[in-house]
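Asker: Chains A and B supply the protein sequences, listed in that same order.
Residues 1 to 429 in the working numbering are what the first sequence lists, from first letter to last.
Residues 1 to 324 in the working numbering are what the second sequence lists, from first letter to last.
The hints are simulated quantities; they were obtained by calculation from the structure and are not laboratory data.
No experiment lies behind these values; they were computed from the predicted model shown.
For glycine and all other residues, C-beta sits at the position ideal for the given N, C-alpha and C.
Errors might be hidden in some of the hints.
Listed next, with one range per pair, are the computed distances between beta-carbon atoms [unchecked claim]: (1) G185(A) <-> R248(B): 48 to 56 Å; (2) N217(B) <-> G185(A): 19 to 27 Å; (3) G185(A) <-> P47(B): 44 to 52 Å; (4) G185(A) <-> D270(B): 40 to 48 Å; (5) K92(B) <-> S371(A): 53 to 61 Å; (6) G185(A) <-> R156(B): 50 to 58 Å; (7) R50(B) <-> L428(A): 54 to 62 Å; (8) N217(B) <-> A364(A): 57 to 65 Å.
List time: in silico SDA-like cross-link candidates among lysine to any residue, alpha-carbon distance up to 25 Å [stated by the list, open to error]: (9) K152(A) <-> G242(B); (10) K92(B) <-> D271(A); (11) K152(A) <-> G93(B); (12) K74(B) <-> G242(B); (13) K92(B) <-> S3(A).
Far from chain B, by Cβ distances over 10 Å, these chain A residues were calculated [what the hints assert, rightly or not]: (14) S34; (15) G63; (16) T69; (17) R198; (18) G203; (19) A246; (20) G269; (21) A291; (22) H311; (23) P383.
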Amino acid sequence: MASLLVTGANLLGRGATDLLVEDGVITEVGSIRSAKGADVLDADGLVALPGLVDLHTHLREPGREDAETIASGAAAAAVGGFTAVLAMANTNPVTDTAEAAERILDLGRATGLVDVVPVGAVTKGLAGEELAELGLMHRSRARTTFFSDDGKCVHNARVMRRALEYVRAFGGVVSQHAQDPHLAGPQACAHEGELSGRLGLPGWPGIAEESIVARDVMLARHIGSRVHVAHVSTAGTVEVVRWAKAQGIDVTAEVTPHHLVLTTDLLAGYDPTFKVNPPLRPQEDVDALRAALADGTIDAVATDHAPHARHDKEHAFVDAAFGMLGLETALSVVSDVMVRGGLLDWAGVARVMSQSPARIAGLAAHGSTLSVGDAAHLTLVDPAAEVTVDRGASLSLSRNNPWHGRTLQGAVHATVFGGRVTAQKGALA
Amino acid sequence: MSTTTTARRTHRHLLSSADLDRGQVRAILDTAAEMHGVQQREVKKLPTLRGRTVVNLFFEDSTRTRSSFEIAGKWLSADVINISGKGSSTSKGESLRDTVLTVAAMGVDALVIRHHASGAAQQVSQWVDAHVVNAGDGTHEHPTQALLDAYTMERRLGDLEGRHVAIVGDLTHSRVVRSNLITLRTLGARVTLVAPPTLMPSGIGAWAAAEGFALSNDFDAVLPTADAVMMLRVQRERMSGGFFPTPREYTVGYGLTRPRLDVLMAANPDAVICHPGPMNRGLEISPDAADAASSLVLDQVSAGVAVRMSVLYHLLAGGEGEDS
């Protein structure tokens, strides 16, 4: 494999540094005058981060290849600076068997753009009743350790308990979509509050999330297992997670870029682009999520990239599909709100977008410290670049982009996956 | 009609009661009074909207509202077409946008939309060039119902400025209450919303504080000061949803029963009773109250046609208006 010399990058607080990659591995870090035969990537003024890892991606294949395929999602991920994405299990058919997990693994490998890591369903068919083949998925070539019924909550406490007990045997983790279906109701689609009352939209109260998270951390404590909270959306959940961590309970949590910025008042126009699950919350929740990400209560940023075909969004608000795109804009959003806002430095971004998610998902080859011997998964960021998001320019097959028209500071300049440049300046390399 | 020309076509659509300021409500109600006169004629036909096409696009069943709009359009000489959502393209999987674009592409001047989802009419208005009238969207609004309610009350009570209207019942799931609240406040009425706590919309406390209406869980405390009592229908599907223990308990707490009718009439012999219908007799309203001389239920139905004629007239007659 050709070697790659990255010159002049700001390497996680180490100042302008050169970095040599050979055969997909970082072989030299420091001042490197030349490297014979190497391709040179001028990174002067750029920040080098370990390749970004997304704990929460929906790729829609199999079943809805019109909205996204593993190939198109991988391309969007590469452009967005990601070198690994965890593909959620709520496809059709559901990823609830070893064979299904291996199929996604293989389709991901075929892209050569990112590591596509299949997430296993917790329960068969996401029905919330019987455990899926958790052990067989783990024994498969996919080596699945991260399980989730995302899109649905494992709301039966007994089933959740059994899942946590079962995966403990091989160090697995259950990622919970926390949404008590009785408190939220079947049509819940907007943060329950004054605006949902005025708009006549079925409310999705924060307590429906908080009560499940509170239950799950107690289960995790009781069992001595690991639980991960997907897409935290309320200040109350932050408090529960903070308390649980203080008790030594093995809980981790993620927040999406959209919950760090967008607020429920965007629903006033009934635009289904802004319909997401959990829903956009008020500013006080947004502020709490930012603070929790900064202080480590929330471990990771995860996109919850949820592509939908146009016709699945062009319904009345309550009938439209949940979800929004996120892979291509995540870094810019985090840069704009957390770095420019003074809440995180770039080492902090490396922590929440690469190292912590890699650790949570058990991806040893990702989330490195960019040291000699590490796999060469890199994201080069131009912190000064301003990008105005254009949904038409997306490599995703879908266009449900809530950031369309917004200008954000900070952009992915290039992505290096296994020593090879996969994307540069918003396009595949 | 000359009295209304200054307010004509200030809006392109009627999506929410909040679209209308006091002058515009006044104009619609004044025109409705003239249209009501047409209703009394032997030949109930005006040439006003000749050559215009109005489509009633009803994705949800509604005999009374659809018929009311249909008659209103026809008496203004518009060509009126009714399309039912049941069996329509959306029920076959087509998106709402594609469905309304298909209908609009046939050369429609106005779309009257009824939909089970809040906000649907507003969304439709962003996709089509035709004028859009919200004929009830989910649990959001029903602006022509509010206009006809105000019209009906005014006919009996006179100017609503300072009058006290109590709206009682399932506030959470009522589109009628949201529009009525706005229109009645626009006309200067004092409004109290009465319901058990489980049927109050979320965040209504802040809403009430911001907009100056009252809330109560005690119907008996509110009743003696009311000039008008508007009872809302309790939807049967709510009865098993845990919103209240039993129909009997609901009636005892929040029904306009015979004893409450007596209290109301004793306190204020001129008070009136409204209900947007259809009524659950014996649940939220007793037969005595529904059929009382003070009941305006049938007047509301009759006024519906006149008010909808007025709304269609203001949207469709004359020159181009401004966008709302």
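Asker: Now tell me, hint by hint, if it's right for this structure.
Answerer: To see whether the hints hold, each was checked on the structure:
For the pair G185(A) and R248(B), the supplied restraint of 48 to 56 Å is violated, since their beta-carbon distance comes to about 25 Å. A hinted range of 19 to 27 Å holds for the C-beta pair N217(B) and G185(A), which are about 22 Å apart. With their beta carbons about 50 Å apart, G185(A) and P47(B) fall inside the hinted range of 44 to 52 Å. Between G185(A) and D270(B) the beta carbons are some 42 Å apart, a value that agrees with the proposed interval 40 to 48 Å.
Checked against the hint of 53 to 61 Å, the pair K92(B) and S371(A) passes, with Cβ atoms roughly 59 Å apart. Here the CB-CB span from G185(A) to R156(B) is close to 39 Å, at odds with the stated 50 to 58 Å. In this structure the supplied range 54 to 62 Å holds for R50(B) paired with L428(A), their Cβ-Cβ distance being about 60 Å. At about 59 Å, the CB distance of N217(B) to A364(A) agrees with the hint of 57 to 65 Å.
Pair hint K152(A) plus G242(B) holds up; C-alpha atoms about 23 Å apart against a cutoff of 25 Å. Note on K92(B) and D271(A): the hinted pairing holds, with a Cα-Cα distance of about 23 Å set against a maximum of 25 Å. Between K152(A) and G93(B) the CA atoms are separated by roughly 23 Å; this keeps the pair inside 25 Å, and the hint holds. Between the alpha carbons of K74(B) and G242(B) the distance comes to roughly 43 Å, so the proposed pair goes past 25 Å and is violated.
A hinted pair counts as satisfied when its Cα atoms are at most 25 Å apart, and K92(B) with S3(A) does not qualify at roughly 56 Å. Even its closest Cβ contact with chain B, about 58 Å, leaves S34(A) beyond 10 Å, as expected for a residue assigned away from the interface. Listed as outside the interface, G63(A) is consistent with that label: its C-beta sits roughly 16 Å from the nearest C-beta of chain B, beyond the 10 Å cut-off. Every CB of chain B lies more than 10 Å from the CB of T69(A), the least distance being 22 Å, so the non-interface label holds.
Not every CB of chain B lies more than 10 Å from the CB of R198(A), the least distance being 6 Å, so the non-interface label is violated. Non-interface call for G203(A) relative to chain B: violated, since the shortest CB-CB distance, roughly 5 Å, does not exceed 10 Å. No Cβ of chain B comes within 10 Å of the Cβ of A246(A); the nearest lies about 31 Å off, and the non-interface call holds. At the 10 Å boundary, the C-beta of G269(A) falls inside the reach of chain B, the nearest C-beta of that chain being 7 Å off.
Annotated as non-interface, A291(A) keeps its C-beta farther than 10 Å from every C-beta of chain B; the closest such distance is 24 Å. Against chain B, the non-interface label of H311(A) is violated: not every CB pair exceeds 10 Å, the least being about 4 Å. Non-interface call for P383(A) relative to chain B: holds, since the shortest CB-CB distance, roughly 37 Å, exceeds 10 Å.
Hints 1, 6, 12, 13, 17, 18, 20 and 22 from the list above are not met by this structure, while the remaining hints are.
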